[in-house]
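Novice: Residue numbers (this note's numbering), protein chains in the order written: chain A, 384 to 971; chain B, 147 to 366.
If you're looking for bench data, these hints aren't it; they were derived computationally from the structure.
Bear in mind the structure is a predicted one, so any value in this text is a computation, not a measurement.
It cannot be assumed that every hint is accurate.
What follows is a list of derived Cβ distance ranges for each label pair [to be verified]: (1) V160(B) with E866(A): 34 to 44 Å; (2) N453(A) with R324(B): 32 to 42 Å; (3) V152(B) with L771(A): 28 to 38 Å; (4) Y499(A) with S337(B): 54 to 64 Å; (5) S337(B) with Y408(A): 46 to 56 Å; (6) V729(A) with S168(B): 15 to 25 Å; (7) F520(A) with Q173(B): 50 to 60 Å; (8) L510(A) with M287(B): 54 to 64 Å.
The beta-carbon is built from N, C-alpha and C at its ideal position, and this holds for glycine as well.
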Amino acid sequence: MAYVSIADRDHEIEHHDPQTFITKYVWSQDHKVIAVQYSITAIFVGVVALILSAMMRLQLGFPDTFSFINPENYYQFVTMHGMIMVIYLLTALFLGGFGNYLIPLMCGSRDMVFPYMNMLSYWVYLLSVIILLTSFFVQGGSTGAGWTLYPPQAIMPGTPGIDMGIVLMLLSLAVFIVAFTMGGLNYVTTVLQARCEGMTLMRMPLSVWGIFMATVLGLLAFPALLVSAIMMLLDKTIMTSFFIPAISSMGTDPGHTGGSPILFQHLFWFFGHPEVYIVALPAFGIVSDLLSTHARKNIFGYRMMVWAIVIIGGLSFVVWAHHMYVSGMNPYFGFFFATTTLIIAVPTALKVYNWVLTLWQGNIHLRVPMLFAIGFVFTFIHGGLTGLFLGNVTIDLPLSDTYFVVAHFHMVMGVSPILVVFGAIYHWFPKITGKMYNETLGKWHFWMTFLGTYSIYLPMHYLGFLGVPRRYFAMGNTEFMPESAQTLNSSITLSALFVAATQILFFVNVIWSLKSGKKADPNPWGATTLEWQTPDTPPKHGNWGHDLPVVYRWAYDYSVPGYPDDFIPQNVPPQEAPAGREHGTEPD
Amino acid sequence: MEFILVILAVILAVFLGWLVKSSFNAQPWVAEAVDETANQAPMNANARVVALATLLAVMTSFFALIMSAYGLRMDYGDWVPLNEPQLLWLNTGMLFLASFVLQWTRNGVVSGRVSRLKPGLMMTGLLTFAFLAGQFAAWRMLSASGQYISSNPANAFFYLMTVVHALHILGGMYVWARATLRVLKGAHPDSVRESVVLCTVYWHFLLIVWLVMFGMLLST
Numbered sequence: 384m385a386y387v388s389i390a391d392r393d394h395e396i397e398h399h400d401p402q403t404f405i406t407k408y409v410w411s412q413d414h415k416v417i418a419v420q421y422s423i424t425a426i427f428v429g430v431v432a433l434i435l436s437a438m439m440r441l442q443l444g445f446p447d448t449f450s451f452i453n454p455e456n457y458y459q460f461v462t463m464h465g466m467i468m469v470i471y472l473l474t475a476l477f478l479g480g481f482g483n484y485l486i487p488l489m490c491g492s493r494d495m496v497f498p499y500m501n502m503l504s505y506w507v508y509l510l511s512v513i514i515l516l517t518s519f520f521v522q523g524g525s526t527g528a529g530w531t532l533y534p535p536q537a538i539m540p541g542t543p544g545i546d547m548g549i550v551l552m553l554l555s556l557a558v559f560i561v562a563f564t565m566g567g568l569n570y571v572t573t574v575l576q577a578r579c580e581g582m583t584l585m586r587m588p589l590s591v592w593g594i595f596m597a598t599v600l601g602l603l604a605f606p607a608l609l610v611s612a613i614m615m616l617l618d619k620t621i622m623t624s625f626f627i628p629a630i631s632s633m634g635t636d637p638g639h640t641g642g643s644p645i646l647f648q649h650l651f652w653f654f655g656h657p658e659v660y661i662v663a664l665p666a667f668g669i670v671s672d673l674l675s676t677h678a679r680k681n682i683f684g685y686r687m688m689v690w691a692i693v694i695i696g697g698l699s700f701v702v703w704a705h706h707m708y709v710s711g712m713n714p715y716f717g718f719f720f721a722t723t724t725l726i727i728a729v730p731t732a733l734k735v736y737n738w739v740l741t742l743w744q745g746n747i748h749l750r751v752p753m754l755f756a757i758g759f760v761f762t763f764i765h766g767g768l769t770g771l772f773l774g775n776v777t778i779d780l781p782l783s784d785t786y787f788v789v790a791h792f793h794m795v796m797g798v799s800p801i802l803v804v805f806g807a808i809y810h811w812f813p814k815i816t817g818k819m820y821n822e823t824l825g826k827w828h829f830w831m832t833f834l835g836t837y838s839i840y841l842p843m844h845y846l847g848f849l850g851v852p853r854r855y856f857a858m859g860n861t862e863f864m865p866e867s868a869q870t871l872n873s874s875i876t877l878s879a880l881f882v883a884a885t886q887i888l889f890f891v892n893v894i895w896s897l898k899s900g901k902k903a904d905p906n907p908w909g910a911t912t913l914e915w916q917t918p919d920t921p922p923k924h925g926n927w928g929h930d931l932p933v934v935y936r937w938a939y940d941y942s943v944p945g946y947p948d949d950f951i952p953q954n955v956p957p958q959e960a961p962a963g964r965e966h967g968t969e970p971d
Numbered sequence: 147m148e149f150i151l152v153i154l155a156v157i158l159a160v161f162l163g164w165l166v167k168s169s170f171n172a173q174p175w176v177a178e179a180v181d182e183t184a185n186q187a188p189m190n191a192n193a194r195v196v197a198l199a200t201l202l203a204v205m206t207s208f209f210a211l212i213m214s215a216y217g218l219r220m221d222y223g224d225w226v227p228l229n230e231p232q233l234l235w236l237n238t239g240m241l242f243l244a245s246f247v248l249q250w251t252r253n254g255v256v257s258g259r260v261s262r263l264k265p266g267l268m269m270t271g272l273l274t275f276a277f278l279a280g281q282f283a284a285w286r287m288l289s290a291s292g293q294y295i296s297s298n299p300a301n302a303f304f305y306l307m308t309v310v311h312a313l314h315i316l317g318g319m320y321v322w323a324r325a326t327l328r329v330l331k332g333a334h335p336d337s338v339r340e341s342v343v344l345c346t347v348y349w350h351f352l353l354i355v356w357l358v359m360f361g362m363l364l365s366t
């Protein structure tokens, strides 16, 4: 079969077999090395964004205290924090990092189908990050237009970074999209074409399903961002009028003829809303696998989980205008988008029920990855429920542009996916490095992060109900805001600084464990998926030694009656272990 | 945005149809050896075909979004329809011929009539270069008559659409050039067969994109 031979062709393997330090660790075509490169770069740039958020919080918690924070750089911090976290950290880490590491290993392939293009994808991504970071140092600094980059303010005087800052931001996004497309073509093709024998679509672990569907969304949605970036770049550099209306700026006429800022908003959110699911779907998939593995139970309703991922992905393209209720729209459109937004809650809620039912009567091991996975279920429910508030036009209008919105999206697509990122790193750390992490440090990391983020974002909902507006550098003397709102803001800042500092525990744990951690067993969690069945830990180049694995069962044969172990790996034939369950009876 | 929604609906419907076929009645919890030919690669295609199909889906989304933006923007009062140069008809003919000749070449390579390979590839390149040169000449004609990109949103869309389309053609020309060089150096026809087949699909796709865009430009 072609799909096997592509992943296993001898000349392909020889072609990119690393020979020197440079080809092994720098210009590497090995998916595992590329995954680590992606992850390190994404986490580095994520730390930059974390520091930026600490600066913002200093200003909000203790206004008029820090002379190095002025309105201009406050807006630059806000903008760069948002853009980096959403695009350059979460998208890159879930798809470039986990996607690269997990797809070939979980599908039983030797590598991605196009290893050279995979390598290029990383280096082009790195270029986009460099361009982005360069914008901090150009004249006028980075853009302060907010992560949504709404025109006309994004390129008009009065907004920080309208010289080179916005140009570099748009350029960096365009380069990122090129990198993502190269990676995305690889992920899709590898999942479709390079699965090992027996790995049918409906035997794929949910992690792969989540990453696969997120990639499909990304490939179809990122062009909207590319189109808007190109058009705005032209508006900025050669005075076209795609988005910039006839406008007088600082008493002068810049020469634009009547463009449509709303057009930009449509394009941006046509990308922007699927982007939420580009981040969420891999998290959904990974958390399903973590819960199942550490609860020693099959995932509840596997087929439903797959279909929920697919349906959420499809629906995510018809909800974009719920971000634009206050931009002005026909009430019937508002009704349509509110309805689709509420409909998408159905498959999402289905997933949450299935996670909880997977835990029900499971043999739960509260190891660090499991703690993070359960923490995700909590934060995702909170963030999801507030999404139902904001999806309704009548409730959204008063809450729009308040801290309620900030609290909502940080819970649902900030904290939740980051908890999964940590859970996943702890879960696969033994396989990636061959070392065990420190359990105690990991548990401290979890509890301080989990409780700390709640102490940031729960009070923030209350600020939103009070009507405290987001994006403001200083609140001034506004009568409707009681003094206690500022006290709450100060406490949120202290919590945010605490949570940021807590992340040092994670880095200490990783570095200490790499150096002095206990040697890891090949399969320390007793997991069923293929990556834990490799002949070497960490897996060597080509992953599987001489022969590719053959798969006989799904990824969720945990605690199968009549079998001595509480797990049966996917590559154990039916002759050696119970044949799963009887035909036609779906497990609990 | 209706245009992009229809296009996306079609892409997602194809994807979902294939998925239903692959997953309907599946009982993943049953352990058994699976016939390796079942439920695997879609349509028995190879990896490069799947990658090209995925790339074309991405490009479809990209061009459909530009055309959707065109449809939204033209409703504003400052829109002055552009008189497209008549030269574009000739360019369209060149691209159509390039696509036709490439199909003729592809049919030859697939059916063993390899004598078509060299002249077919050369002629395809010539016609495609003629298309690109024609587009360049059209831009020059417009700017010579004072129709610059920033003069009017209709102009801006015209330049944007034609330039991004030309850039995609240039991307295809890279693969065409590699295949043609190998043929000129005497490579065995089988070694370029896949490239020719994939190039043909790509050329047809960009011809269709151009016809839709050209039709849109002419009718508005």
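Novice: It remains to establish, for every hint, whether it holds in the given structure.
Specialist: Status of the hints after comparison with the structure:
1. In this structure the supplied range 34 to 44 Å is violated for V160(B) paired with E866(A), their Cβ-Cβ distance being about 59 Å.
2. A C-beta distance of roughly 54 Å is found between N453(A) and R324(B), which places it outside the suggested range of 32 to 42 Å.
3. Judged by the Cβ atoms, the range 28 to 38 Å given for V152(B) and L771(A) holds: they are separated by roughly 29 Å.
4. Between Y499(A) and S337(B) the Cβ separation comes to about 18 Å, which falls outside the hinted range of 54 to 64 Å.
5. Taking the beta carbon of each, S337(B) and Y408(A) are about 33 Å apart, not inside 46 to 56 Å as hinted.
6. Distance hint check for V729(A) and S168(B): the Cβ-Cβ separation is about 23 Å, which falls inside the suggested range of 15 to 25 Å.
7. The hinted range of 50 to 60 Å is satisfied by F520(A) and Q173(B), whose Cβ atoms lie roughly 58 Å apart.
8. Between L510(A) and M287(B) the beta carbons are some 37 Å apart, a value that contradicts the proposed interval 54 to 64 Å.
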